[in-house]
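S.K.: The primary structure of each chain is shown beneath.
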Amino acid sequence: MSKNLSELSGRKGIEESLFDKMGQLAQERGTPSVEELDQLADEFLIGKANTFGTATFYDFLKPENQGKRAYVCNGTACVCAGTQDKVTKQLEKHLQPSEIGHMTCLGRCHENAAFNYNGKNFSGKALENLDQIIGKETELNSDTYHVKSGANEILTNPFSEVDQYYAPFIDALTKDSKSVLEEIKISNVRGRGGAGFPMGLKLEFCRNTENATKFIICNADEGDPGAYSDRYLLEQRPHSVLFGMLIAGYVTHASYGILYIRAEYPESIQIVQDAIDALKEKGLIGRNIQGTEFSFEFKIIQAQGSYICGEETALINSIEGQRPEVRVRPPFPAQQGLFNKPTIVNNVETLAALHHIISNGGSAWKAIGTERSSGTKLVSLDSFFNKPGIYEVDMGTPLATVFNEFGGGFKSEVKAVQIGGPLGGLVPAHKIDALTLDFESFANEGFLLGHASVVCVPQDFPIIQFIEHLFDFASYESCGKCFPCRLGTKRGQEMASQAMNSDYKIDRELFHDLLTTLEEGSLCAHGGGIPLPVRNALEYFDDELKQYFNS
Amino acid sequence: MKTAYINNEPHEIKDGETMLAFIKRFKGEKHVPTLCDAPNLDPFGACRVCSVAVALEEDGKTKTMASCHSPVAEGQYIYTDTASVKKLRKNIVELVLTDHPLDCLTCEVNGNCELQDVAAQVGIRDVRYPAGANHLHYTKDMSHPYMTSDLSKCINCYRCVRACDEVQGEFVLSMSGRGFDSKIIKGSDNTFMDSDCVSCGACAQACPTSAISDVFQSKSVVESEVTRTICTYCGVGCNLDVSTSSGEILSIQAPYDAEVNQGHTCLKGRYAFKFYDHPERLDSPMIKRNGTFEKVSWEEVYTYIADKLGTFKKEFGPDSIAGISSARCTNEENYLMQKFIRAVIGTNNIDGCARVCHSPTALGMQQTFGTGAATNSIDDLKDTNCIMVIGANPTDAHPVTGAKLKQFAMKTGNVSIVIDPRRTEIARYATHHIPLRPGTNVAVLNMMMYYIITEGLADESFIGSRTEGFDEYKKEILAIDLDQIEGICGVDRNIIKEAAIAYAAAPNAMSFHGLGVTEHSQGTFTVMQIADLALLTGNIGRRGVGVNPLRGQNNVQGSADMGVQPHQGAGYMDITKPEVNLQYNKFYGVEVPSAIGYKIPEMFDAALEGKLKALWVIGEDIVQTDPNTQKVIKALNNTDLVIVQELFMTETAKQADVVLPGASFLEKSGTFTNGERRVQAVRQVVEPVVGAKVDGQIIVDIMNKMGYAQPDYDAKSMLDEINQIVPFFAGITWDRLGKNGLQWPVAKDGTDTQILHKEEFKIGKGQFIFNNWRETEELVEHAKDYPYILTTNRELEHYNCGAMTRRTGNELILKDDYLMINPEDAKEHMIKDGEFVCIESPRGKVDVKARITDEVKSGILSTTFHFPDIMINNLTGDIHDSEAKCPEYKVVAVRIRKSKGKYKTLAEA
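One line per chain: the protein sequences are L and F, in this order. Going by my numbering, the letters in the first sequence line up with residues 394 to 944, in that order. Going by my numbering, the letters in the second sequence line up with residues 179 to 1087, in that order.
Heads up, some of the hints might be wrong.
Each pair of labels, with its calculated beta carbon distance range [stated by the list, open to error]:
id, chain 1, residue 1, chain 2, residue 2, range
1, F, LYS180, L, ASP936, 48 to 58 Å
2, L, ASP478, F, GLY1012, 53 to 63 Å
3, L, PHE598, F, GLN662, 49 to 59 Å
4, F, GLU252, L, ASN894, 46 to 56 Å
Since the hints were made in silico from the structure, they are not lab data. From the three backbone atoms N, C-alpha and C, an ideal C-beta is built for every residue, glycine too.
Chain L with its partners taken away, still in its complex shape:
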């Protein structure tokens, strides 16, 4: 975090984004050249080390990415499904090994065997048709998954058409923005990204910070392996997200909306851009929308491959073209965020909820779900379910109902499910019945609702390997700023790996010290969160794990 770099990057505004320019420079060869980075540094007055430092942080900008043509998904769902060795082998029949890289979760957890080739994502049976994919223009990148809602069809409600859909927005523009914000507060909609912070409070915080320039950022960096509900919304309901951002802008007096969408979702980027263009055509964005004082523009920033960018301050640094290292708080983004200006960062699904709230009033949303967890929630189920897909259920719905009635039960026996991404809890099969789908139930049982993605751990998958995979992921994706996470995740991975592959026994006290150090010492929820599933594993799978530990 450098205040100076935020200022200097901000001088050119979001339209001339430093980070965007780096992405464009990488398009041809997979990485910008040092000369190009030096030039950018000069243009932005930020020093060569900074453009170089930023580029080397990202999977799709760093020099090692040069010449990569295909990427094999190594997200948790695909790893657990055991499909990926085959994907690599098949691809190697067509491509040099050096041309094949990795992407962590393409959001194809319902089909697995996922890979990215030439800017498109493939999964499931596509692998059998590589002849029609490699070196060809193809439409084989489509996928199918179930989508269904429970009692309340809100986020999954079919899209009508632009004019009708945005009528509540036009209507809101005629109202005092304070009263619009009031509805959001009444709804008690909580952030869907994982932390569950009340959205209305955050918006109010930003609204009350005086500044001529403010930003609304949609965090569409759905990095949690196993989660693809944001992808669903971006690709199937893009207007619900844009609508939410317009409302958020209106109530905070922000005039810029930025969608930070992960590069692993190339289709999402295109679809959202088309939706923005449609709004432009209809005069629903731009200067003085519908003759009011309110102006709003959208900009998509394509991420470049880094899980930590889902953390809001890292995401802000990323947009600025700084290294996406987590910032200290305070200042909070709502006070000093992008380019040091007040900034709202909200998850895709949170923003998508606003259409219902604005159309039907905050109390309509509040009436759904539980007392403290209001509204509906999207759940993504992976391919271990008979009916993998995206399900919209009321908060408080029993987890067993989601799994059995919506997901159609497991295809084969699973020993645990990890819910809420790699930092989410590891729920052993026997605890499923104890949980209802809301923030409180999960917290009370020692788990985490998170983004409500579900990844199954099959019966034959060794838990020590699962732990090693979690640490490996955490270490690989650590921004490296705070000592506990940078060093601790690596040491955790090494211990698990050595225990798994040699007669090394993990010292139990040391291991617990490590987990406590990560939990208490880490700067953000990345290092701070990884101990949760590991502790769950230690608690529920002690029999299986004790052979790897001394005493």
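Fit chain F to the known structure of chain L by using the hints.
M.R.: Only chain F this time, still in chain L's reference frame:
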């Protein structure tokens, strides 16, 4: 009173303070360990070692928080050493040690390593983790004359990166890669030498281990003594902590408690000190006989000088003798030198280096405000909204102030205006840059005032209550010819208008100016316009405003304060006034002369006319640095006795008849006065090298030899003499100077002054005095035949004639003067980068290597004069500021062509 608790003890909290700052205030610096926090950097939150347990009630449920970036709040209970917090710290440090070479005994910082201290404090006894990946294989970077790195010792605390960003603003350092693989980089992962590093050393000072250090190992030297003194280079006046052992200087660090430089300094202050015991130091007095210097004893040389001066005084009168003193001397030495010239010789022929730099500042500001010195302090940057930098390149010439200005300019809410022909470093970051043609300052400033008046932005109430002459002035300003000005300055009037409005509209605006203002034929007038601009907008007399000359040399302010000027005695008193001289007569015990003496250029003219018989020059290389080199040499050759008191055999010393080996700043005590009127104590660090003497003592010896009883040189007693005669030094005593000095005027009770002209000006009201722009005679006469304008500048690495810096590692960083030339002009003359360009002026020719850059506009060239092999001043001419006689270094009519380097050296010229 708001209260929070540390281990259940109540303490008052300050608004906005972090828990760590709160704890430090009551429990001391080291009570809570930390690795990534540093005194001059923003909280960063990387190491987490400073974690504390925080509860909302006494012994309540605690949450672990990093104290460095968590604000303390009322009613919090902070526990600094609970079992869990202690364990957490220990476990974090244990993790650090899994990727750190445990070679403490042979490590550069052994015994002075923050990691070592913290490891000891948290009680690490072993590292329990199995062997794993590490970065111990990183190799050292020894590419640079000063900076070194050994990243195997790096703990990724980012202190170096942050120092480079937040302190110096250079952005040379960052991190590459991510997570466990992240690694400190210089530039695009280069060596220090190949990066854009400016060698300020802030990173080395910030590093808690030996990952980044310097060749002097300044963090870790085992010194027997540390002496705090003041830098000898620029007018910023950095405080330096000089470490010595057995009389040898080991290294220099910047103290964090220095008000001037807050733990920062530049490569000159920090690293360029090795000239002091360079083998080329003069080690004996010498008399030139039959064209060769012969070493003689001090006794012999004193007798020789005293006899000669006595004879000249008797035969040709006192006015046949002149003295030039300089910023190489302390205030006390400058005072002595002018006293010698006035009281012992009996002439006012005393002048100093201020003549060639800021004499127009002193004169211009005296005319408008009554006092010829900075109105405010650099610290006021914290309270200003707008800076206007005119004719100054502070990031090179005043690096620590330059870094502060750059930090200011980088913040988008701030307004920064740069008026400079070159796109300097600060101009690149500025909100407004006016790239005017050299020699058109007055025109542009008048145009700014025109727009301020016509836009209704003049501060009528300030003008009404505190100034005089505005009505007439306004009439003149409104009558200026905008078309003409736009034409001659070469800048779109709208750019000037926007800048003018920005300056006038800012609640507080500060101006800073340098030699690009003064070294012009209209230098004094430009200073007056800058001062009037401040009057016009009411930017005088409070914090965050004012007119702030960036005084060039360390003690150029002091030398003038002490009376090293031919028209004013010590304390700026007019020596033509009998009542003033009565005071001096009484004080010096002799009758002082009342006729204005020679300014430096007039000394040369007098020499050429045969009127000057003797000239004593202390610490100023007039041959290399004064304009029109050949004329200066002729003048010296025409003077019977030229005494040069120096450290080295400079170009001037070579022309001398007598050479006296003086002392460097590290070898003497006294005071220097920086650009913000701050008188600071220079404390002797080492004895003068064998054969050399403290300059003040040399003057005293000759005074005595010539029959004037003057006690031996001693800073303390000299100050006690000065504070009786210089009114604004009234309260300055050696003992009161303390660590951070005092800003004059200092009242008898020791109260000093940060801001001048708060209630009224020394002359009552501020004066509006209009002057119209006039083309310099240099161009009127020569522009037709010499179509390019050569201007001169400074480089960060070298200081003035380079006598000191060329004898340090700086020489390895910048080896040559070079010529900045616009790509268009280079193309027209088929000059490639690095090729020699022959520059010819009406005075002479030199060859300089080209550096093609768009930093200068087409038609404008710029170069330095740090190197005697080039002798740029062969080109500069005789035009001087019409009022203060400061030479016009900034506008030289030249023509250019590609060359083979024939005119490279003086000998060949």
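S.K.: Okay, F/GLU252 versus L/ASN894 on CB: inside 46 to 56 Å?
M.R.: With a Cβ separation near 54 Å, F/GLU252 and L/ASN894 satisfy 46 to 56 Å, so the hint holds.
S.K.: Taking the CB of L/ASP478 and the CB of F/GLY1012, does the distance hold inside 53 to 63 Å?
M.R.: holds, 57 Å
S.K.: Can you tell me whether the CB distance of L/PHE598 to F/GLN662 sits inside 49 to 59 Å?
M.R.: holds, 55 Å
S.K.: That 48 to 58 Å hint for F/LYS180 and L/ASP936 (C-beta), does it hold up?
M.R.: holds, 54 Å
Consistency note: the structure conflicts with none of the earlier hints.
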